[in-house]
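**Student:** Protein chains in written order, with the numbering used here: chain Z, 1 to 464; chain G, 1001 to 1302; chain E, 2001 to 2300.
These aren't lab readings, by the way, just hints derived from the structure by calculation. Values in this document were obtained by computation on a predicted structure and should not be read as measured data. The beta carbon of each residue, even a glycine, is placed where N, CA and C say it ideally should be. Check each hint, because a few of them may be wrong.
[Said to hold, decoys possible] Here are a few chain G residues that face chain Z, going by a calculated C-beta distance under 8 Å: (1) L1051; (2) T1070; (3) D1072; (4) H1267; (5) F1269.
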Amino acid sequence: MKKKLLSVLLSTAMVAALLVGCTSEEPVDGGNAPADGGEVSTEDGGAVVEEGKVLNIYCWNEEFKSRVTDHYPDYVEVDGTTGQIGDVTVMWNITPTTDNAYQNNLDSALKGQADAAADDKVDIFLVEADYAGKYVNVDYSMALSDLGITDADLANQYKYTQDVVTDVNGNLKGSSWQGCPGVLIYSRAVAEEVLGTQDPAEVQEYVKDWATFQETAATMKEAGYFMTSSANDTYRVYSNNVTSKWVEDGVVNIDENIMNWVADSKAMVDAGYTNTYDLWSEDWSKGFYPDGKVFCYFGPAWFVDFSMAADAEGSIANAGQWGACSGPQGFFWGGTWMCPATGTDNPTLVKDLILTMTANDDVLKEIVVDDNDFTNSKPVMDAMAADTSYSSKVLGGQNPLGMYCAGVETIDLSNLSDYDQGCNEEFQTAMKGYFEGTYATEEEAIAAFYAAIVIKYPDLTVPQ
Amino acid sequence: MSKTKKGNVVSYNKWGYIFLLPFIIVYVVFQLVPLFNTIWNSLFEYYEAGLNVVGPNFIWFENYKTLFATPDIWKYTANTMIMWIMGFIPQILVSLLLGSWFSDTRLRLKGQAFFKTVIYLPNLIMASAMSMLFFSLFSQSGPINSILMQMKILEEPFDFLYNTLSVRTLVAFMNFLMWFGNTTILLMAGMMGIDASLFEAAEVDGATPGQVFTRITLPLLRPILIYVMITSLIGGLQMFDVPQILTNGKGEPANTSTTLIMLLNRHLFSKNYGMGGALSVALFVLTGILSMIVYKFSNSEE
Amino acid sequence: MASNSSMSLQVEDSKNTGGVKARRVIAYIVLVAISILCLFWFYVLFINSTRSHAEMTAGFQAFPQFKDLRFIKQFITNFSNLMAGTLPIWNGLLNSFIIAGSCALLSTYFSTMTAYAIHAYEFKAKKAVFTFILMVMMIPTQVTALGFVNMIGKMGLMDTFIPLIVPSIAAPATFFYMKQYMDSTLPLAIVEAARIDGSGEVRTFNTIVLPMMKPAIAVQAIFTFVQNWNNYFTPALVIKTNNKKTLPILIAQLRSADWLKFDMGQVYVMIAFSIFPVIVVYLFLSKFIVQGIALGSVKG
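Take these sequences, add in the hints, and give me the full structure.
**Tutor:** As structure tokens, then:
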């Protein structure tokens, strides 16, 4: 065991040394690259000497892959998990998020980074806001400045997207192409039938705060519809409006607003306004089709376009029958950040990928137009919000960007902790037991949550 | 003369050791050392917290204290045993019934080969594929609910996967389905091994089929029954794939289908070597005790 | 008294033949019911893998859509959708095959060798070794998993096939079966005769003993293959890289997140894909396999 600890220490030290090496060399490096290019391969402008032939990207789903496939100029798809950029093979290492699988896999890859062969080294890994801090504040991630990316390159980005991936020393360690302010997405057909209108501004009146939301839910129930597909749909809206962190000084802490979610959701489930499906489950997603009889979902731009089965015939999204309004409270959901991994053997390509995908206004605009994502460039988004020619097909011709632009200003990420992913997941699991009545009381469910969280994060303690 | 012969014997017998070597080496390296490593680890506070490692700090039996202080361990033990029993009882009953039919020469059942093929089939199916299949079939928007609603048995979809009784029943049923074929064939072979003259004698004495079964077949089958029971019990303690995949590792609803190995898997997943070790050792001891009890119990009846 | 008893015997007899008929009918009914219980799930699997997600959400249909061979077309669509996805299923198939195949080979060869060592030779530790192996036969692999993962991590074997293949050399249960089989079918006189003919011990084992053990080896090879083909726990702990994952791990991944974007058609096809090879092999070898289990029990 001592040996193991020693090896961990050693590898950490090595990585640290590597990083220090990188930082001190930075100016030299910056000067070197063009010189190399000029001297060695004049006719071969694109290829930079002595970089790896394999680019390993760690991620948890296909979203980023599809963005790169569609918008990175030189990318050619080979098959589901590999691609080609010039003579570099891109390997997509996809592990699902659930149950910490992605993080566990990434952790072991990063720990082995120092000893891995060049072609096996992690080059880029993606993180979500829920656990960005865990990776940003260690030396496994690389400061963007070490790649030669300057603040000026990223000047158009929304400030909050940079806060998430800035380490305690103020180094920016990742970059995102999207902003994730969320909205309430409702079925136009149901709104028309039950509320007598499908106009976003008028529908908003029916969901403007939680009390009204509940009243509307009762109306929906009478008409034979579920207000939301699952109680978990509203979870993010509550959990983003908390006033304390999930973990304070190593102790698990349940915020008051999270408990409000429990109370409201219990009432809604008991009244039959909603169900308790797990997010991303098949049952949960059946509301994407008219037969699912669901009035609304909550989600950001990526959710609307990427997740609501827009490709599937017969889905509401396919028919462009969703509408969007801001809902009871502002929130954000997800967001994917690209982080360069320390020790990458493809720094030039990594730099170019980050700049192209997250800081090139043309590409970012293209993503909005093609994929209806909300992208990380304030000027582009402001311009497009005002652009009447742009509209979202899924949302039935509505231009939701103004709503997103307003929402993105309110995003407050000061209460993120490194443990959010596991806490959110386990809390929802435990509360489902309470909503369904398997746990008789709230206390029982909370005890179950505590028991689960210390198994998932052995370093945490729970209030006695 | 005799001396050389003796020398020969000795030199032959050293091959016994040589032939044993691969087994012993591999066993020691991949089973025995890990076993001791597990036991050793259980005495330490030792886990990975994200990208950092905490420990190892020697803490004697603290992990065991923590393990047995939480009520969960007992709950999961109970879950495991309940689901095992729910599967094992029908398994042994159906197997005895089918076995006795297959081996009954007077019945002369046709198509035996077909039936045996069919009942053994589920045993070969990946437990993970089987539970994924059952998960899909029994989900609220899945075909089983759809069928039950078409047949007007249900008004609205029933959440089979979030009800303590139905989840446990599903797990038990899958275990039953996967193992009763195997047991049937084992028992059948045992029954065919029983001296036919015993049955004839019983028949002459006017014993009913039921009497023949309870007075002759069962007692003579006892060794095989015990073997089936021990292996099934130990298999039951290892129950993992089926509930894990059926409930996505959560032991839904509310951990009422979480088994001991699922708990172990959670500790292993969060790289908690200390607690994982303590639980492993507890399982090791439990396995030992249970096999011993069953063994003793069956021998004392004699 | 005597006539009385003979009369009752006669009555009993006629009742018996009648009883046999009734019991036969009951047996058939029960057997058919149980067969349906076994096969029903696979039938639903088949039906649903030939339908699109949207069709499935509309409710279950008992028969495939024969019109225009729609069911075949949809199956192909589902399958190609699955192929286009990120689950490396061909790799999974190949990996599962490599691991299960190697395990079957190593396990049977070395278990036979171990059994032979105990069977054919007299040496001091023999009894102790035999008892030891019988004792450890019952230890579940899961209880040593922690130390196992720890150790292969130290040996640098994490994320390789070695820790999934090599341990099968020491398979107590296979050993036990081989030993039982040897006791009844391998007279030591044959070994003696080989020695007199000047055959070396290794050669005797490879050319004489192994061929005689063929039936037992075949049965155990099949079981070891199936067992490893279906194994989920250990590979899930050892394998990290996507392209090295085995089928059970890929199946388990179906349960998480937005893998297939809720296309149940793909899920059913994936399940079918992973159990299909085993079913095909089984249909060819079923008689053999069923006999093999019985064989083990009689000897054991």
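**Student:** Could you run down the list of hints and mark each one as holding or not?
**Tutor:** Hint by hint, here is what the structure shows:
1. L1051: With a minimum Cβ separation of about 5 Å from chain Z (threshold 8 Å), the hint on L1051 of chain G holds.
2. T1070: holds (6 Å)
3. D1072: Check passed: Cβ of D1072 of chain G comes within 6 Å of chain Z, closer than 8 Å.
4. H1267: holds (6 Å)
5. F1269: Status holds, d = 7 Å.
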